[in-house]
Amino acid sequence: MSFFEKLMKIDRRIIFLLIFVGVAIPLIVALNFELEITQPVRKVHGLVEDADDGAYILLSFDYGPSTKPEIQPMAIAILKHAFERDYKVVCSALWPMGVLMCSEAIESVKEEYPNIEYGVDYVNLGYKAGGLVTINHMGKNMRETFPTDAANNPISEISIMDNIKNLTNFDFIVGFSSGSPGLKEWVQVAHDAYGVPVAGGSTAVQVPSLSPYLNRENQLVGLLGGLKGAAEYEKLIASPGTAVKGMDAQSIAHLLIIIFITIGNIGYFVTGKYKQKRL
Amino acid sequence: MALTMERLGVWIGVALTFAIYSFLYKDNPVYKIAEQIFVGISAGYWFIYTIFNILKPNLYTPLTSDFGNNTLLVLPAILGIFMLCRLVPKINWVSRYAISVVVGTTAGLALIRTLQSDVITQMSETIMNPFSGPNTAVILGKWILIIGTTTGIIYFFFSKKHTGAFGATAKVGVVFLMISFGAAFGYTVMARISLLIGRLQYLLGEWLGIIQP
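Respectively, the protein sequence lines represent chains A and B. Sequential numbering of the first sequence, starting at -5, is according to our numbering. Sequential numbering of the second sequence, starting at 645, is according to our numbering.
Please note that the accuracy of each hint is not assured.
[Unchecked claim] Covered stretches of chain A, as calculated for chain B (at least 3 residues, CB under 8 angstroms):
1) 7 to 13
2) 105 to 115
3) 201 to 211
Hint data in this document are derived by calculation from the structure and do not stem from the laboratory. Since this is a predicted model, take the numbers as computed values, not measurements. C-beta atoms are modelled at their ideal positions from N, C-alpha and C, and glycine is treated no differently.
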């Protein structure tokens, strides 16, 4: 059996082990690979950076724990940026677990911004079912859509909401999305129907389907794509977190996968398997 | 006490992580247990969440505290009960009325929004002058966009046989489709590796304390 024939029959568990080790080592020993900032991430940063003082922003947490490693770092980075600029942050969720993701993200930045006050600087409105229909209703009347916050306090008693009647009262919206309902629905309704600037962060899987919205119309102002997008944003605000730390591991894993694909393809041709498969 | 409970939570998380990853070696009872725990807890959490965070604040409280101003809520309440009729075989047909309202509303709204956002705007974004641009890269990008969109659509035009010049154009469309599938695959790999990184950050940080969590 030739070298390539052996490789073609390699146990898949060895590949899993190699990926596991390839990801673990860079997490322990930092390799500090160069991280290039892409245009869609710069645009999200520009949107947050250039808003007026005291701007009202809506952050929508449309994801759950299954995609937390990818999306939570970007939510934390944008929260830090928003609190740094003294914006008023209103959080909502189109996914039930988004409420918890929001609470965790805010808790994690409280140490850095101890003066932020619930109801004055930020509020967690909680989850609302309905997706597209809910966003449409938020565009008409926020108070009817969210009569209470996540802790069942009436909206009328929360001062940050005094100036918010509907979506058009927000300077911009940032959606954190891992599926549907998510960023696509925010673009379709909040931007395209109500004209509110929308930016966002999504899982890497979603990036190809959301990229067409990054156009001259600015349907989507900018996009943080997966862990890399989060790492780029952390770098832009000079606050490296879990995403930046994870990028070395990501690069090594990608390198390993490229090597596997290359060897697999060479083996495929050298061992003549392509002839057997051809119809 | 709180610290002990927190550590216990970390250990449970670690045990379940290893139980799930054990599937990579082969299917086994430990994996099955972890899987069943996940399904059970998710269902339980969702059930309680729906009652206390959706039904109670949006239906029960408004109806019991101010029925006069919330009379309309009786309609969705009835539709909700209709939906539950699915559980009774003899009257499960009643649930179709509730489903038809949900499907009709969503489809009607989504149709308009999809036409506006995904068809009309995307079409107008493809209409551009391919000869002008600040630099060669932008001009090249415009050409790629126009050729890719046109040939891609031609590939999906099945009312004419894919032969001759038409077939050749469709083949160019296939190349663009393959490139987009490759990009999608690359992003998918990135997403899956990110999840592994997240778990390893948990194991090495929260559990072993080797790295800063």
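Consistency of the hints with the structure:
Here's how the stretch 7 to 13 of chain A fares: 3 of its residues keep a CB closer than 8 angstroms to some CB of chain B, so the rule of at least three is met and the hint holds. Under the rule that three or more residues need a Cβ within less than 8 angstroms of chain B, the assignment of the stretch 105 to 115 of chain A is violated, with 0 such residues. Figure legend: the stretch 201 to 211 of chain A, annotated as covered by chain B; annotation consistent (7 residues with Cβ-Cβ distances under 8 angstroms, at least 3 required).
In terms of the numbered hints stated before, the structure departs from hint 2 and from no other.
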